[in-house]
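**Q** Chains as they are written, first to last, in my numbering: chain A, 40 to 324; chain B, 40 to 324; chain C, 40 to 324; chain D, 40 to 324; chain E, 40 to 324; chain F, 40 to 324.
In short, the hints are calculated from the structure, not lab data. Please read these numbers as outputs of a predicted model, since none were measured by experiment. Some clues are possibly wrong.
Since the list can't tell identical chains apart, any single copy or any two copies may satisfy a pair.
Unchecked claim - Within a straight-line C-alpha distance of at most 16 angstroms, the following computed EDC-like cross-link-like pairs (lysine to aspartate or glutamate) qualify:
| hint | residue 1 | residue 2 |
| --- | --- | --- |
| 1 | LYS188 | ASP212 |
| 2 | LYS296 | GLU236 |
| 3 | LYS174 | ASP128 |
Number of protein chains: 6
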Amino acid sequence: MEKLIEKAKVLIEALPYIKKFYGKTVVVKYGGKAMESSALKESIVIDIIFMKYVGMNPIIVHGGGPEISSFMEKLGNKPKFVNGFRVTDKNTMNIVEMVLVGKINKEIVNLINKNGGKAVGISGKDGNLIFVEKKKSKIDLGFVGEVKKINTEILNTLDGKGFIPVIAPLGTDKNNDTYNINADSAASEIAIALKAEKLVFLTDVRGILPSKNKFAIPISTLTVKDAVKLKKKNIIDGGMLPKVDACIKALQYGIKKTHIIDGRIMHALLLEIFTDKGIGTEIVK
Amino acid sequence: MEKLIEKAKVLIEALPYIKKFYGKTVVVKYGGKAMESSALKESIVIDIIFMKYVGMNPIIVHGGGPEISSFMEKLGNKPKFVNGFRVTDKNTMNIVEMVLVGKINKEIVNLINKNGGKAVGISGKDGNLIFVEKKKSKIDLGFVGEVKKINTEILNTLDGKGFIPVIAPLGTDKNNDTYNINADSAASEIAIALKAEKLVFLTDVRGILPSKNKFAIPISTLTVKDAVKLKKKNIIDGGMLPKVDACIKALQYGIKKTHIIDGRIMHALLLEIFTDKGIGTEIVK
Amino acid sequence: MEKLIEKAKVLIEALPYIKKFYGKTVVVKYGGKAMESSALKESIVIDIIFMKYVGMNPIIVHGGGPEISSFMEKLGNKPKFVNGFRVTDKNTMNIVEMVLVGKINKEIVNLINKNGGKAVGISGKDGNLIFVEKKKSKIDLGFVGEVKKINTEILNTLDGKGFIPVIAPLGTDKNNDTYNINADSAASEIAIALKAEKLVFLTDVRGILPSKNKFAIPISTLTVKDAVKLKKKNIIDGGMLPKVDACIKALQYGIKKTHIIDGRIMHALLLEIFTDKGIGTEIVK
Amino acid sequence: MEKLIEKAKVLIEALPYIKKFYGKTVVVKYGGKAMESSALKESIVIDIIFMKYVGMNPIIVHGGGPEISSFMEKLGNKPKFVNGFRVTDKNTMNIVEMVLVGKINKEIVNLINKNGGKAVGISGKDGNLIFVEKKKSKIDLGFVGEVKKINTEILNTLDGKGFIPVIAPLGTDKNNDTYNINADSAASEIAIALKAEKLVFLTDVRGILPSKNKFAIPISTLTVKDAVKLKKKNIIDGGMLPKVDACIKALQYGIKKTHIIDGRIMHALLLEIFTDKGIGTEIVK
Amino acid sequence: MEKLIEKAKVLIEALPYIKKFYGKTVVVKYGGKAMESSALKESIVIDIIFMKYVGMNPIIVHGGGPEISSFMEKLGNKPKFVNGFRVTDKNTMNIVEMVLVGKINKEIVNLINKNGGKAVGISGKDGNLIFVEKKKSKIDLGFVGEVKKINTEILNTLDGKGFIPVIAPLGTDKNNDTYNINADSAASEIAIALKAEKLVFLTDVRGILPSKNKFAIPISTLTVKDAVKLKKKNIIDGGMLPKVDACIKALQYGIKKTHIIDGRIMHALLLEIFTDKGIGTEIVK
Amino acid sequence: MEKLIEKAKVLIEALPYIKKFYGKTVVVKYGGKAMESSALKESIVIDIIFMKYVGMNPIIVHGGGPEISSFMEKLGNKPKFVNGFRVTDKNTMNIVEMVLVGKINKEIVNLINKNGGKAVGISGKDGNLIFVEKKKSKIDLGFVGEVKKINTEILNTLDGKGFIPVIAPLGTDKNNDTYNINADSAASEIAIALKAEKLVFLTDVRGILPSKNKFAIPISTLTVKDAVKLKKKNIIDGGMLPKVDACIKALQYGIKKTHIIDGRIMHALLLEIFTDKGIGTEIVK
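The following block holds chain A by itself, in its conformation from the complex (with noise of 0.2 angstroms):
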């Protein structure tokens, strides 16, 4: 009996969080090693079901890069990347779109339904909800997009009516030919355009050290200011970058908070949220 009050006890002190987030939207991009362990996935599914449950509208923004490039070379393709992003040939973006749409997507639609959720997997096509422009760049990487303009018609439509969207980065451009867009910008965008309350990077780091040191202590909280700083002096780079950038992005939109956490921690995304503890690194203006 003691342990079950103690059992009761957490969902009070959860209590705080469910109330200050009633009602509002929390835009979850989910990538990286956070999708590959079935248990972790698992568990973040089951987060965002939670999340819908006591009244958030949560929205997932998934990437998909590892799976893309396996299955481009079982097809005799070979990955090519400048600057980090991928060059894509027409048929690397059917590749593209057949991993991300047809696979990665409706593997992340079958788990929240698997779960009890309710989830409706999209495209940044299916109602025109993505719309970009190609992006410059010395060398042509073909049809990779920059987003222009989010239509959020289709995400206002699943979400009145209890679906949690699941969508894939891509976009259409004028003459409606298919885009790649990097997903970390992709969820930021979004994020902006919902004006969500909070954006929130699923990785498989830590968080942002403060240094090169890699074991050492992520930091907990960072101003844009110092992330300009730390993205200078190198410390911030890779794939790091992007999600740095898409979080600066979304403050000076007006997201109030932006987090990148450690989706490899079971139930992370509850815990950013539930409890006071924040898990990784949160990014503020």
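Assemble the complex: chain A is given as a structure, and chains B, C, D, E and F must be docked to it using the hints.
**A** Frame of chain A, contents of chains B, C, D, E and F only:
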């Protein structure tokens, strides 16, 4: 961190129950010792606020026996009881109403609001909620009423706008005279009228015992048939009688589950609703 | 038949007033002698029901001074006043609440329902209606509050579903402690918050007199400016002071007309609203 | 003041009737002498506006006999009647329509709007309100129709937005040819289709008389059975016949009360609806 | 089959126009010769029904000049005109109203309903649609009004429920006297009040000509500036003047496009709206 | 001009069909050769957008057979069929899903959006649209499912907000495993669940032939009874069998008309719906 993850798991364990009761009405009769300790009172209202936030519609019906009697004595009136019913002359009725409506009801409302809920306290008079007839009895009981009709309009109005209704068990008859009603019976009738999912009695005993031995382990699940047997053997008697009768009536009119639980246990309501480990006694059809 | 036609003509004479006030809110402060005669009480609630049926939104705020004091004395407590304010210790506050909420409020609710309206009685605690701060005073007045914020949500909810709200003038502060509030001031603040069309005080005098001569003919229309003059000359004093101050404040915050009328006249409210012949004193900007 | 209070009492006397008819539909057939005196006309439209403001849904169906004939004569056409029905060739039909729709209907609309109501005048053509078949008859009556279907859509649309519908009794058949319809029968069919509470005929007689003696006192309440008897004895005859038949049909199809009242009495409608003293004859099942 | 495919292609060609005008209001002034041929009348109402079905909100304003005069003559009255305005005494006004409202309006309503639309015919009196003042003039014109205010409530009510409003151009002044209004001007004012997308005049000429030579090719697009010039040169004159003035006013108050088209061409409206090939003259800012 | 008027007449000819199908649901199964020519594909999506704009609710279900097989071969997998069903192991299922959801579905969505519609592409997993059981078969077919339940919630949500749903025929079973479903059968079940007005199969044949002679003229209307006869004679066989069975089932469950039409004809859908000249074969009860 380990400990935090444990906490997240506890939240997640509640998810199947949150789903199950989403949008459902639960009528809670609240009285006795559970109303005396301020820690317990707070634990109960927090449980109720939690229920509201995760999508349930809790409705509270409260009693007030001991406080009424003590207040009567302060005023120099001597409480009189016949077969467990308070003999209620006009003057007594006034005092009952002042204490129930002007004191106990408002204390509960205040406690809920203090803890972040939105409560509205009403009596069975407001919005013509409870219509009664004078209780027939060999010895005249005065203004003691029997519920004849519940007009749920005010409850639906409050519920639909996010308020938690807190109800003092009084009613009016065809002459608009005010009557005292047994709170257990009022709770049962309200549950029936609202087609509630559950009817829960928060009491100050451990549950229904299988024998007169008061150290016996309470019965965890009791059928109506067995409840009737225990009544015949006088094992169910005293203050437990109206509660058991209220449960039986509710079950006959379609309520699925009724519970008599120990309000002295912290977070008894949450334990009952959000765990499989029932506490106290559940009476089923 | 002649007489019947006369009656029909009277109904028709009310039509321009019905049109004028259709959909408008009228806050009625009800107290004093008008609450003592049962014929007068019935006349007033019938007027209010009539107003509701012809499309107005009447809101009642009641006082309770004499009954509180007499009940305190029954309990052996001696009422104490400083500058017209009741010194309110914890015990007094409890008694005030019981009498206001558990007795006077419910009597009005009952009377309205008996006459065919649908009333719901609440206090300033319910739905967090009235938020107060402790009144500053040289001599500590105890739990005497000043209205700081009106949360109209519960009033709009009740009104929107055809209920007549009846309000006991209590409020809670930031610690959720209960405070006694001057009913005149509560009525004024509620009228302001609801952007009411009119604020009407039902009193037990004939109106505001132009001089100390108590047989003088009451002033029929008074400007704020002249009201201030009469205050300086102490011609407006005593129990009339808070009423006049409440009117002045309401006028400053946009209420168009305020009235101090003689509740001892049968159907005083209807006369005020449905005829051109004002009764008592109207205070205007 | 005494007199004012008397007036307030009259308003209050109307309250039980206001309650009783709140939200109910009353179909009023308006024709004959009551349409000739401008004082009477004004009295009637004011009654109707009053009904609308206190929550009823009055629907007006008007006739137009005398004006049609006089206008025909102006144009050099001689009105012809067979068994009380106007023989209606194409040219006559055009004149009927112009007078009913373009003159009488608009006069009523104008009178209502002038007195502060919001009327919209339509004919049975508008919104396909009245569908007819050609009336069978030994002698061809031309464009005289019998109501076969009422399409209440336009009435519900107008009513739902606070307009008072004023209806000219014309209809169209399956070829969309226009037909003249007996206004009494049109009123009855509309009342049935709207499940009206009451059907009232405003006539220019004192009611139904018990005998051929025209100074007899009118029958105050008549059953369908007795009405049939009076028809057999030819005591009910002439212009009264279609009214009584319309009442009988309405009663058979569920209308609770039908009335034949004297439109020459000022405020006859208000008297009928807001007093117990019925005027004219009420026909009941 | 070939031919069928051609037909399908025609439907598809209309799609961009359907999209463009989806949900938009188009006010159509309908009068003159286009009202005389029954084939043309049918072609026009079918165009309007088509517009309604594909999502537009067509509003019809009709005139009635020739029929009014011919009917007046039948009654032995001689029509009199001053500067193109009908001198309208009380008797004339009655005739105007009967013909416009009781004949022409209902013919259009009937034609629409016969062809499967849902029309409701009203005049400027109904629902207080058109408020006028007496037109100032050296020679007294009698009941000739100028539009001062359009109350769109009844139009929005009808439109919102799928009805097509058909409007006879009459109005009432502050004394509720009825006035004759120029139909062109009424159409323009209604378009302005409804913020219509387009205002279309269906006339019996080919458009606005560039010179007095009546075989000249009509101007296809005319600016307000050039229209003013043509007016000065008296090239725009006669019955075209009020139409052009109505267009200019509408353009000044925000209507995007106004059209004067040849109603003698079958399906002139559809051609104007659903093809790029404008017919007649379009006047733009 | 003549030609334009001809065009207007064609629009008008469509009006009776627009009326007839206003607000009705039409399920279109789209597959085979009609999906290969880009001109045909565009013609079909334009037809569907047209249907949406004139008030119908088109729902698209697509197949994908040939592309799946060709993609499998690219990956070095050999497609295997038993009785026309694709033997679907886990790996094949993944490929089916990627091609159907990530390629074909998104191509259709893109084509609709490019042409001005608002499409949203989903699979039977999204919003738990299609629930299946494993198909029973002597030879294990792997993940081949039979539709057991359609949950129309997501379709109604999309439809209600103006989106055109495009559905990939996959479903999940009670373990949330993904199954391949016959697209013809999926279309039929969705039509039944939505109580669709019509079910249309766009194929690459001219219709159902009366004999094995492939130059025979297709049957224009076929009853279920005759369809069963043709099946017995093996005249209906091969890929036509599941289509005919899907039609028969739909007819049994209340769909009024089913069509097997030649998708190789430009605007085949419009021709079928907006002309009397049916194309292909219509199967009726």
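**Q** Next step is simple, just say for each hint if it's right about the structure.
**A** Structure-based check of each hint:
1. For the identical chains of this complex, LYS188 and ASP212 are intra-copy neighbours only, at 10 angstroms inside a copy versus 38 angstroms across copies, given an alpha-carbon limit of 16 angstroms.
2. Taking identical chains as interchangeable, the C-alpha atoms of LYS296 and GLU236 lie at most 16 angstroms apart only when both belong to the same chain, with a minimum of 7 angstroms there against 39 angstroms between chains.
3. Proximity of LYS174 to ASP128 under the C-alpha cut-off of 16 angstroms is restricted to the intra-copy arrangement: shortest distance 13 angstroms within a copy versus 40 angstroms between copies.
Against the hints set out earlier in the document, no violation occurs for any number.
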